[in-house]
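Peer 1: Sequence:
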Amino acid sequence: MEIACGLEASGHQFIWVVLGKDDEEEKEEEEEREKWLPEGFDEKINGRGMMVKGWAPQVLGIGMEVGVEDWNLWVDAGKKVIRRESIEKCVRRLMDDGDEGVVLMRQKAKELGEKARRAVEEGGSSHRNLTLLIEELKQLRDHKSDG
Numbered sequence: 030m031e032i033a034c035g036l037e038a039s040g041h042q043f044i045w046v047v048l049g050k051d052d053e054e055e056k057e058e059e060e061e062r063e064k065w066l067p068e069g070f071d072e073k074i075n076g077r078g079m080m081v082k083g084w085a086p087q088v089l090g091i092g093m094e095v096g097v098e099d100w101n102l103w104v105d106a107g108k109k110v111i112r113r114e115s116i117e118k119c120v121r122r123l124m125d126d127g128d129e130g131v132v133l134m135r136q137k138a139k140e141l142g143e144k145a146r147r148a149v150e151e152g153g154s155s156h157r158n159l160t161l162l163i164e165e166l167k168q169l170r171d172h173k174s175d176g
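Start counting the sequence shown at 30; every next residue gets the next number (the working numbering).
Where hints are given, some of them may not hold.
[Claimed, not checked] Cross-link-like lysine-lysine pairs, in silico, DSS-like; alpha carbons within 27 Å at most:
#, residue 1, residue 2
1, 137, 64
2, 139, 82
3, 64, 82
4, 144, 82
5, 139, 173
6, 82, 167
7, 118, 73
8, 137, 118
9, 167, 137
[As the list claims (entries may be wrong)] Quick list of simulated restraints, FRET-style, between CB atoms:
#, residue 1, residue 2, range
10, 135, 173, 48 to 54 Å
11, 175, 42, 54 to 60 Å
12, 160, 45, 30 to 36 Å
13, 149, 122, 42 to 48 Å
14, 164, 130, 40 to 46 Å
15, 132, 30, 27 to 33 Å
For the record, the hints were derived by calculation from the structure and aren't laboratory data. All C-beta atoms, glycine included, are put in the ideal place defined by N, C-alpha and C.
Starting from the given sequences, assemble the full structure and let the hints guide the process.
Peer 2: Written out as structure tokens, the structure reads:
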């Protein structure tokens with residue numbers, strides 16, 4: 030709930046990627062969702078924020094890692110919890126203009142996004158390696174069917 034409240038309070042647009050679970054846990058997850066999202070969250074972020082379950086390719090172009098050096102962590106029942114105020118502060122720091130360190134972080138995130146995008150494009154290193162793997166698996170399959 031702290032992440033949701035912090036993102037909402039930041040006032041900035043966002044894409045929040047939440048890793049999904051398998052189909053059996055899907056129903057339980059929907060019930061649990063009510064526990065970790067504040068009431069009316071979807072309506073409050075409408076047009077400004079988006080929650081995506083699973084992988085979101087948009088992250089390659091706009092995502093950035095947020096370090097924990099600015100976050101005040103505290104322990105609650107043995108779990109580390111990041112307070113909503115800290116999330117709001119970090120989002121504002123990253124998204125507001127003027128801070129030279131933030132400009133460098135954005136530039137680095139953009140460069141990494143471009144590298145990742147090129148790697149998965151046809152002819153890119155990841156695309157090439159995946160193609161080679163597929164060809165090798167086909168050869169193994171053909172070899173087994175021959176012998």
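Peer 1: Now look at each hint and say whether the structure bears it out.
Peer 2: Taking the hints in turn, this is what the structure says about them:
no. : hint                  : result
1   : 137 - 64              : violated (35 Å)
2   : 139 - 82              : holds (23 Å)
3   : 64 - 82               : holds (17 Å)
4   : 144 - 82              : holds (24 Å)
5   : 139 - 173             : violated (45 Å)
6   : 82 - 167              : violated (33 Å)
7   : 118 - 73              : holds (19 Å)
8   : 137 - 118             : holds (21 Å)
9   : 167 - 137             : violated (38 Å)
10  : 135 - 173: 48 to 54 Å : holds (50 Å)
11  : 175 - 42: 54 to 60 Å  : holds (56 Å)
12  : 160 - 45: 30 to 36 Å  : holds (33 Å)
13  : 149 - 122: 42 to 48 Å : violated (30 Å)
14  : 164 - 130: 40 to 46 Å : holds (45 Å)
15  : 132 - 30: 27 to 33 Å  : holds (31 Å)
This entry does not satisfy hints 1, 5, 6, 9 and 13, going by the numbered hints stated previously.
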